[in-house]
Amino acid sequence: MPIKADKMTWAGVAILALLVLCTILAPLITPHDPWAYGRQPFLNPGRVNPLGTNDVGQDIFSELVYGGRTSLLIGFAAALVAVTTGTLIGLVSGFCKGRLDEALMGITDVFLVIPALPLVILVSVYVGTSIWNIILVIGLVSWPSTARVIRSQTLSVRESGYVESAHAMGADDSWLMWRHVLPNVLPLILARFVLAVAIAMLMEASLSFLGLGDPTAKSWGMMLHYAFARGGFINGLWWWYLPPGLAIALCTLALNLVNFGVEERSDPRLKRVMER
Amino acid sequence: MKELLKVRDLHVVFETPGGLVQANRGVNLDVKANEAVGIMGESGCGKTVLFLSLLRLQQPGKIVQGCVLFDGRDLARLGQKEMQRIRGSQIALVLQDHATALNPSFTVGEQLGEALVIRKNGGDLWRTVWGQHKLDDVEVRREIDSVLQDLALGDVVHVDKLLDKYPHQLSGGMRQRVLIAMALLARPRLLIADEPTTALDRATQMQTLALFERLRGRTAMLIISHDLDAISQTCDRVAVMYGGSIVERGAAAEVFANPRHPYTRLLLSCQKPRRGESLPPVSGDVLDLIDFPPGCSFHPRCSQAMSVCSQVKPSEFEVEGVKVACHLFGEEGRS
Chain A
1 MPIKADKMTW
11 AGVAILALLV
21 LCTILAPLIT
31 PHDPWAYGRQ
41 PFLNPGRVNP
51 LGTNDVGQDI
61 FSELVYGGRT
71 SLLIGFAAAL
81 VAVTTGTLIG
91 LVSGFCKGRL
101 DEALMGITDV
111 FLVIPALPLV
121 ILVSVYVGTS
131 IWNIILVIGL
141 VSWPSTARVI
151 RSQTLSVRES
161 GYVESAHAMG
171 ADDSWLMWRH
181 VLPNVLPLIL
191 ARFVLAVAIA
201 MLMEASLSFL
211 GLGDPTAKSW
221 GMMLHYAFAR
231 GGFINGLWWW
241 YLPPGLAIAL
251 CTLALNLVNF
261 GVEERSDPRL
271 KRVMER
Chain B
277 MKELLKVRDL
287 HVVFETPGGL
297 VQANRGVNLD
307 VKANEAVGIM
317 GESGCGKTVL
327 FLSLLRLQQP
337 GKIVQGCVLF
347 DGRDLARLGQ
357 KEMQRIRGSQ
367 IALVLQDHAT
377 ALNPSFTVGE
387 QLGEALVIRK
397 NGGDLWRTVW
407 GQHKLDDVEV
417 RREIDSVLQD
427 LALGDVVHVD
437 KLLDKYPHQL
447 SGGMRQRVLI
457 AMALLARPRL
467 LIADEPTTAL
477 DRATQMQTLA
487 LFERLRGRTA
497 MLIISHDLDA
507 ISQTCDRVAV
517 MYGGSIVERG
527 AAAEVFANPR
537 HPYTRLLLSC
547 QKPRRGESLP
557 PVSGDVLDLI
567 DFPPGCSFHP
577 RCSQAMSVCS
587 QVKPSEFEVE
597 GVKVACHLFG
607 EEGRS
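Residue numbers (this note's numbering), protein chains in the order written: chain A, 1 to 276; chain B, 277 to 611.
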């Protein structure tokens with residue numbers, strides 16, 4: 001079983017690497033400028049336009065590859081914001097205990113109780129829709145679960161013998177936190193990060209689909225939005241809405257496969273089985 | 277010889293919802309330089325709180341009375357920053373549970389190196405990050421080698437291999453030795469070992485005790501243990517603890533040969549029952565640390581209790597070099 005998990009992880013890493021590579025090499029792969037108008041609209045897939053053209057005559061394949069840039073950027077950046085915030089709050093909360101812990105966990109609980117998507121919609125209506133706002137907003141609603149998980153792990157690690165031992169050796173609090181607690185919650189942070197990327201990408205897609213995405217940037221969610229709004233779904237133009245949907249699904253799948261392996265590796269007992 | 281550690285009338289309490297737990301109530305203890313002192317007593321008698329208090333790690337417990345004089349300074353009143361410099365480099369601690377006392381994320385070598393870095397930088401993360409005392413690998417290795425040599429482990433183990441191993445790859449005995457080496461790396465003047473032989477098998481116990489015997493006379497030691505054999509083998513003097521106070525203390529040979537306090541006698545008689553003999557049952561209840569009996573805390577279980585025992589807490593009486601806190605050796609006992 002563990003070896004199988006390992007293979008799944010590598011499959012996930014491979015898919016993800018391929019997608020990232022494609023978006024990085026977008027100018028080399030894409031046959032057209034995704035922003036260029038002037039082509040005939042609603043073209044079927046063909047030799048010149050592999051996935052046809054959209055309602056304003058832009059090449060859908062080029063849109064798809066460039067859209068991946070935005071979607072992946074938002075996913076990773078928002079996850080970074082969420083996991084960094086969550087880790088900081090969880091670490092401090094678990095390590096300091098007492099009043100500070102209660103206050104921080106109180107705030108965390110409030111954020112946990114509010115349903116994420118409506119909050120995101122509400123906030124993005126207020127702050128406006130640019131890529132960086134979307135990243136911040138998604139980060140803002142995704143940190144609480146990470147904070148909770150990191151706090152509980154911190155609580156158990158800080159009571160461990162080696163933390164007490166290092167304390168008795170003369171280490172100060174920041175030393176204990178940085179050198180002993182953090183390395184032992186790191187696998188967990190990594191697992192949370194991978195999962196947070198998947199969640200952030202889905203959230204970005206939902207936001208964009210609802211029309212709250214950045215209209216000046218192309219992303220997979222925005223492509224779905226336009227395909228829906230401009231009659232792609234009704235007229236059965238599957239080459240317009242299916243590729244971005246599949247790309248989102250593939251990306252989420254890959255991230256979850258990676259997460260599977262990272263989580264298994266964060267458990268040292270399973271790790272030993274894998275080494276054998 | 278000069279006293280290195282002098283504990284006087286130490287009171288440590290814990291505030292709990294059930295009431296005030298008096299974990300230490302008037303502990304007196306002396307450790308001379310380079311002397312090994314054993315502390316024995318039943319579970320819950322306050323041994324652990326006592327040694328944690330010496331390092332001021334007894335939180336959430338509070339030291340409410342008394343002093344801990346270490347080399348002339350009262351540790352009970354030092355600030356946390358100053359205390360940090362005492363921990364490790366002056367007073368080092370070997371924890372009881374060797375299975376959890378090493379960080380699973382780092383190799384033995386990294387952790388031994390960390391002990392050295394903490395000693396050099398006073399455990400201050402920021403000073404270490406900004407690199408006031410960068411240790412090079414050669415220096416770290418030299419110090420580790422010299423400590424392992426001191427412990428006579430240089431020949432027994434393959435040092436290079438040991439340093440590259442993670443804690444879970446070591447046997448319990450080896451982890452225990454690594455912990456002792458780690459504590460000694462800071463060249464402490466007092467080494468506190470909490471139950472050093474408890475979680476080990478018989479053969480490893482002997483090896484660990486041999487280590488402490490080697491250290492005897494070179495550094496002061498405070499060995500906390502249930503195992504009376506371990507204490508008699510490694511310690512110059514012993515202190516017997518009951519109900520948060522030390523009831524008898526003196527030279528190990530004398531206390532083991534002629535136990536005076538009724539509790540010490542009881543404790544020693546429980547140690548090695550001969551074949552076919554059953555252990556003597558102890559009457560009375562285990563002490564309630566919140567609601568102490570008045571007078572001597574042992575009197576409800578004592579077979580020689582007198583009327584004064586339930587009224588006055590006995591002070592220490594000196595009998596042939598042994599200090600006994602029992603009225604049997606005071607005026608009431610003699611008359």
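Hints listed in this document are in silico derivations from the structure and should not be mistaken for laboratory results. Among the clues, some could well be false.
The list that follows gives simulated cross-link-like pairs (lysine to aspartate or glutamate, EDC-like), each with its CA atoms no further than 20 Å apart [unchecked claim]:
1. B:K396 - B:D373
2. B:K589 - B:E553
3. B:K338 - A:E164
4. B:K357 - A:E164
Cross-check of the supplied hints:
Between K396 (chain B) and D373 (chain B) the CA atoms are separated by roughly 26 Å; this puts the pair beyond 20 Å, and the hint is violated. For a cut-off of 20 Å, the pair hint linking K589 (chain B) to E553 (chain B) is broken: about 35 Å separates their Cα positions. For the given pair, K338 (chain B) sits about 18 Å from E164 (chain A) by alpha-carbon distance, which is consistent with the 20 Å threshold. Proximity of K357 (chain B) to E164 (chain A) is assessed by CA-CA distance (about 17 Å); at most 20 Å being required, the pair is judged to hold.
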